[in-house]
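Please build the complete structure, drawing on both the sequences and the hints.
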Amino acid sequence: MASPKVAVVGAGVIGLSTALCITETCPSCSVTVLSDQFSPNTTSDVAAGMLIPHLYPDTPIHRQKQWFQETFTYLFAISNSAEASEAGIHLVSGWQIFRSTPKEELPFWSDIVLGFRPMSEAELQKFPQHRFGQAFTTLKCDCPPYLLWLEKRLKATGTQMYARKVADLWELHREYDIVVNCTGMGAHQLVGDKQLFPVRGQVLKVHAPWVTQFIRDGDGLTYIYPGIHRVTLGGTREKGSWSLSPDAGTTRDIFDRCCSLEPSLQGAQDIEVKVGLRPSRQCVRVQREVLSQGGVKLPVVHNYGHGAGGFSVHRGTAKEAAHLVEECISALQGSSSRAKL
Amino acid sequence: MRVAIIGAGVIGLSSALCIQEQFQSLLPSLELEVYADHFTPHTTSDGAAGLWQPYLSDHGNLQETLWNKETFDYLLGQLHSPAAKEMGLFLISGYNLFREPPPDPSWKNIVLGFRNLTPKELELFPGYSHGWFNTALMLEGRSYLPWLTNRLTQRGVKFFHKKVESFQEVSGDGVDVVLNCSGMRSGDLQPDPELQPGRGQIIRVLAPWVKHFIITHDLKSGIYNSPYVIPGSEFTVLGGIYQHGNWSEENSAKDHKSIWDSCCQLLPALQKAKIVGEWSGLRPARPSVRLERESIRLGNLQAEVIHNYGHGGFGLTIHWGCAMAAARLFGTILQERKQLATPPGPRL
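Chains A and B are the protein sequences, given in the same order.
Going by UniProt numbering, the first residue of the first sequence is number 1, and it counts up by one from there.
Going by UniProt numbering, the first residue of the second sequence is number 1, and it counts up by one from there.
It is worth saying that the hints were derived from the structure and are not from the lab.
There could be a bad hint or two in this list.
Said to hold, decoys possible - Below, computed lysine-lysine pairings styled on BS3-like, alpha-carbon distance capped at 30 angstroms: (1) A/K103 / B/K120; (2) B/K272 / A/K152; (3) A/K155 / B/K272; (4) B/K274 / A/K205; (5) B/K120 / A/K65; (6) A/K205 / B/K272; (7) A/K155 / B/K274.
Below you can see the structure in the form of structure tokens.
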């Protein structure tokens, strides 16, 4: 197969990074990105993009750790380069605080982020309701800049991108040899995955440039993440809620919770409210399968279900998905050398 | 009782506020007057980035280390107050970088979370073999000075836009105590060969992705002669110039290039940063801060002068400790003049 035609469905951080990895591992592939939404209207654009992993109950820890390590290493190199500001990648230091000491004081990623250590007594004084904390430095991917930078890298490889709603993967079988499904929450409808469920998150994006430290409550519900131009205040984790409309009571509640951790936020300006549905699953689905219909086969690689941890593992899962695409190509070449065309 | 404060930088205004807070209620006749030829935003304090960080070594000057600590602790206590944002006060973390192993600084237990850098962190800074990470404070003069000015004005302190040429000029006519907070120009009021300019130049850029301060050190060439990057609330300051004895307040193209090249080498992404300003200022450098009383004779009158100048590149860092010390000296003067039966109560 001279130039396999690969369609990547989805243009959030998973779709774009997977498409980019495919162009890297398979330069002869012709890659096209199809999505009904592009930045700034994807779920990724709502997220703060902090590299603090989410724990997937059914994915082996070593695999999650590898995904995170690969992602961190990749972004660390960009943050250190002249492209950092264009790509929207920057280092940020801060604290994760707990009201009571967690069972696991050392998360699996503690040796991947920078300078991880327990907070000192003096530092904890800033948070009288919290008894334990961790201080570290990690990376943040600001969106839209990061997605736009990925789009730019893709265009440079000749990748085409089209706004198009794909209602059924079979729509694509005539034009493309392989389909990569990076549709996030869309996979619920597109491939009928009932194990995929939304976890609704509402956030505020505010102007508060004097806030340079992140603060995250270990319960994952309250957080303050300073980005390049705005600080993301969060949040909520509403399992099973499909509503994309901002809720005013929730806005007030998020603001109050964040101000109690960082009182200077009372002076924040230009409050923008956003909602995203985390495409959640017990384990991230990075898997290939061959769909079959009336004698026709369609190789599909899935890469979705990253829930609250998309940014943290995006590059690692993208690379894995790209390898699966390679396997699909080998399989196609194997069978085409046997079958008559 | 009239008190004249000469100088409206961070030292003058904070000294005035300290004295006002501690003695106004005990001494209703107290009248404070601030005289200066430059007010915010045209003072040296306004040009400084505003990072709380003393020099690497206090040269055994324990008093200055204590004043630094008093200032840090005071500011940390203010951090959660509603005034913090208006004061220009916020937390900031960052890096100090070295090409050879440095001795521990006098302030390692004052700041928060002080630690050595890990090997992976040092990968961010090729050419530097050692370093520190800690969380400190920013106190931006452009916000802090107006905040101090508002507090003083609300409490009836008067301001006079005037270049004072001599102590005599302000100390006649019923002024009993003069606070000399004239920074770099103290030598015009009373010659002091120990006071020398430590000229600095900075470039202001927009680089909002930089969330840490980065101060590099070249132990041989001395403090602030090596690139530094300090992010503030409105722009990021690039610097790395310290010229002892240079009185020029003009921006130098050569210094601009040196700052720009060295900072871009440190943080390549800065090449994309937009330059929004440039400034030169004179750090009022002295082997140690001059904070002491002096009696000045004017004919048959005697005035007390409290000197509080020579804070070099650490004025914001040390200001509150010095203001409290100046207020204590003032209290002693009041006692001697039987204005007060006993010293004032606990320090505010």
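Of all the hints numbered above, which does this structure not satisfy? Sort the numbers upward. none
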